[in-house]
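Q: In the order they appear, the protein sequences are chains A and B.
Quick note: to get my numbering, add 86 to the position in the first sequence (first position is 1).
Quick note: to get my numbering, add 6 to the position in the second sequence (first position is 1).
Among the hints, erroneous ones may be present.
Unchecked claim - Here are a few chain B residues that face chain A, going by a calculated C-beta distance under 7 Å:
{"id": "1", "residue": "Gly318"}
{"id": "2", "residue": "Gln319"}
{"id": "3", "residue": "Leu321"}
To be verified - Derived Cβ-Cβ restraints for the label pairs, each shown as a range:
{"id": "4", "chain 1": "A", "residue 1": "Glu430", "chain 2": "B", "residue 2": "His277", "range": "46 to 56 Å"}
{"id": "5", "chain 1": "A", "residue 1": "Glu171", "chain 2": "B", "residue 2": "Asp299", "range": "21 to 31 Å"}
{"id": "6", "chain 1": "A", "residue 1": "Gly257", "chain 2": "B", "residue 2": "Gly155", "range": "37 to 47 Å"}
{"id": "7", "chain 1": "B", "residue 1": "Gly155", "chain 2": "A", "residue 2": "Arg500", "range": "53 to 63 Å"}
{"id": "8", "chain 1": "B", "residue 1": "Glu98", "chain 2": "A", "residue 2": "Phe444", "range": "43 to 53 Å"}
{"id": "9", "chain 1": "B", "residue 1": "Glu278", "chain 2": "A", "residue 2": "Ala250", "range": "26 to 36 Å"}
{"id": "10", "chain 1": "B", "residue 1": "Gly288", "chain 2": "A", "residue 2": "Val147", "range": "56 to 66 Å"}
{"id": "11", "chain 1": "A", "residue 1": "Asp243", "chain 2": "B", "residue 2": "Asp299", "range": "30 to 40 Å"}
If you are wondering where the hints come from, they were derived from the structure by calculation, not from laboratory data.
It should be emphasised that the depicted structure is a prediction, and the values quoted were computed from it without experimental measurement.
Quick reminder that beta carbons are idealized off the backbone N, C-alpha and C, glycines included.
Listed below are the residues making up each chain.
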Amino acid sequence: MSGKKPDGRKLSRRDLFRVTGAAGAGLALGAGGHAALGRTAGAQDRAAADPAPQIVDFHGVHQAGIATAQQEHLHFAALDLVTEEVSEVRDLLRAWTEAAARMTRGETAGEENSSQFMPPDDTGEALGLSPARLTLTFGFGPSFFEKDGEDRFGLADRRPEALAPPPPLTGDVLDEGRSDGDLCVQACADDPQVAFHAVRNLVRISRGLAVVRWSQLGFGRTASTSKAQTTPRNLMGVKDGTNNIKAENEDLMDRFVWVPEGDGPSWMAGGTYLVARRIRMLIEVWDRVSLGEQEASIGRHKYSGAPIGKEDEFDPVDLEAKDGNGEPLIAPDAHVRLARQSEEEKILRRGYSFTDGFDAERGQLDAGLFFISFQRDPHKQFVPLQERLAANDRLNEYIRHTASALFACPPGARQGGYVGETLFASP
Amino acid sequence: MLVGALFALAVAGCGQPPPSNDSQSGGGGNGVASEEATGGETTAEETAAEETTTEETTAEGTVSEETTGAVAVGGSPELAAAADGYEEYVVEQVTLLEERTERFTDSVISGDVDEAKRLFGPTREPWERIEPIAAALGDYDPNIDAREGDVPDDEWRGFHRIEKALWVENTTEGQEEYARQLMEDVSNLREEVEGLELAPEDLVTGSVELLNEVSAGKITGEEDRYSHTDLYDINANVEGSEAAFEELKPEVAGEDLSLANEVEEGFDGVHEELDQYRKGDGWVSYEKLNEADRRALSQKVDALAEPLSRVGQVLEG
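Let's have the full structure, built from the sequences with the hints guiding it.
A: Below, the structure written as structure tokens:
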């Protein structure tokens, strides 16, 4: 590239946004001599209130987007590699790291070009928007290491045991085309367009080396991962996940989320495993269920979120409590009972509500929970938990698990390094 | 028919050269290019405006008026030579189109349904190789290549009108007039491209546009919806794109070798994907490709089109 930049200025979304913010809306800004950029009032107001927390550092011991207080919007993409060269995979991860770090700072994905004869390096839809606490979290799927019995990149012996594909789970009706993948990127932001922009540009960078296998948009977080956040409601209208691990509790994070040194291959130390499940809710069916049955299925009161028989959302769940007839207040098959039977299975939940419109076959809403959890070992945490739920959960009548994926998220990239670097370094 | 009207020839009024145009005798390319280089900047809006006013410009235009409207880019002799090379390619393809169309329309007029069906796919190949250029000249694209619904039904003619009769009704009856019109349209196109003057920018835009043709439309099988001969068109689009790139390649390689290699690998990838569907001298029916096959082909085309879209950097000069 000839790299002609008339004034050598780098275009930063954040800079623009400050400039336009100071001068008011509708200001045409001469970036590179020709750009006229607007701004988004919503993002503007949010950032004006408190600009600093709009940026989550991409680099660090752990990847961002896990312990980060959960953002409002998700764009998740799983990709399959089409290259057979391990060096090209490394190049891709380097390029992704560079672009990801830039975009999380509110900058364009690549250096700005103003050539009239080429497409712009950045697609542009996030210009003038706030960084929106964008985080980009990358992971490797089981098929990255081995596909159809083939050691694709000479890395099969580095596949952690914890990344073995989960066994078939009761009740799963999985769509293969929406499941699994060699690589994943989880984009979370408080502005859906910022998350979309990030995935779009990362996919564009990967063109020729990888193809999108599936992607999922999520709106509305369904979990709280920080004590500062309230518990949101899912599309069943209930608060589920009150007892989620909170990132401030470093002891729990270390015990249940982060992979410690000595736990499997050393390249995963500081990393974690991501489980994604597309859980479709049978919305029309659920909407015909009486309040009493809805509450009994969950084990919580719908409006307060309190455990059955309690007043407050954060009142402890008492699984032994009985009603006047000696029956358990929280039913034996209630979701909350089955979900918390073992302390060893704690997971960090970070899911989002989703909808993909109407299903043409039934004319019903295709919507539900895009469940995401992070854990130190999915086979010791998510799998036994889900097996128990799949066998007995009263909610099963109202949900279908339609897709599933597992990824190993390596530790965070160091400054000057790239995400996944430890995997490619000598053991 | 071209999916979008993105493409406007950078050289205004490139059709209908006046009789005195000495570029017809060849060798005038460099002189024209240097004139272009002094022609000043042309904005995108002006280029678009030229598209809509092509006929007027042509009607009243002289050579000098036409060439001063050109975008002042890529004035190097190498780029001018690339444009000359591609002009020859376009003429060659349209000449081939005329020959094949004659055989095809003869078979329609003589009522030979089987022969007409056999010739339909191959006849269209040279058209598909140069479609963006032809589409930028007058009404050739709607007249020759409109699909049903692209134009009002009483104006619908050309390849796809005949295609429908051949495959849906299995007859040539009533198609004789459409065949004669098609032959006439193609002959006029051939005459028109004889004096064609292209700018290097046309090669860059055209090569990407041919791939956009595939990925935005043809991949769904909409182009040849009755005959399912889409692979003839798709392969020809790719060949035409490659022909334009081949002309520019030395310049691209000089500027950015890795980009040139990336584009070459991209073409290799698309050819490899397509080759599995060859059958005899032609191609299998597009119906044989399931959703996954079509997606795999589409992704190969996208993987090629992305680096190809950066080739425009050579025009920076």
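Q: Using Cβ atoms only, decide whether leucine 321 of chain B comes closer than 7 Å to chain A, and label the hint accordingly.
A: This hint holds: leucine 321 of chain B lies near chain A, its Cβ roughly 4 Å from the closest one there, short of 7 Å.
Q: Quick one: are glutamate 278 of chain B and alanine 250 of chain A within 26 to 36 Å, going by C-beta?
A: 33 Å, holds
Q: If you take the shortest Cβ to Cβ gap from glycine 318 of chain B to chain A, is it below 7 Å?
A: 3 Å, holds
Q: Using the Cβ atoms, figure out if aspartate 243 of chain A sits within 30 to 40 Å of aspartate 299 of chain B.
A: Cβ of aspartate 243 of chain A to Cβ of aspartate 299 of chain B: about 34 Å, so the range 30 to 40 Å holds.
Q: Is the distance from the Cβ of glutamate 171 of chain A to the Cβ of aspartate 299 of chain B consistent with 21 to 31 Å?
A: Holds: the Cβ-Cβ distance is about 25 Å, inside 21 to 31 Å.
Q: For the range 56 to 66 Å, tell me whether the beta carbons of glycine 288 of chain B and valine 147 of chain A fit it or not.
A: 59 Å, holds
Q: Go through the hint on glutamine 319 of chain B and say holds or violated, using the shortest Cβ distance to chain A against 7 Å.
A: 6 Å, holds
Q: For glutamate 430 of chain A and histidine 277 of chain B, compare the CB-CB distance with the range 46 to 56 Å and indicate the outcome.
A: Check passed, 55 Å falls within 46 to 56 Å.
Q: Holds or violated: 43 to 53 Å for the Cβ distance of glutamate 98 of chain B and phenylalanine 444 of chain A?
A: Check passed, 52 Å falls within 43 to 53 Å.
Q: The hint says 37 to 47 Å between glycine 257 of chain A and glycine 155 of chain B; measuring C-beta to C-beta, is that right?
A: Because 46 Å falls inside the window, the suggested range holds.
Q: Is the hinted range of 53 to 63 Å satisfied by the C-beta distance from glycine 155 of chain B to arginine 500 of chain A?
A: 57 Å, holds
Checked against the numbered hints given earlier, this structure breaks none of them.
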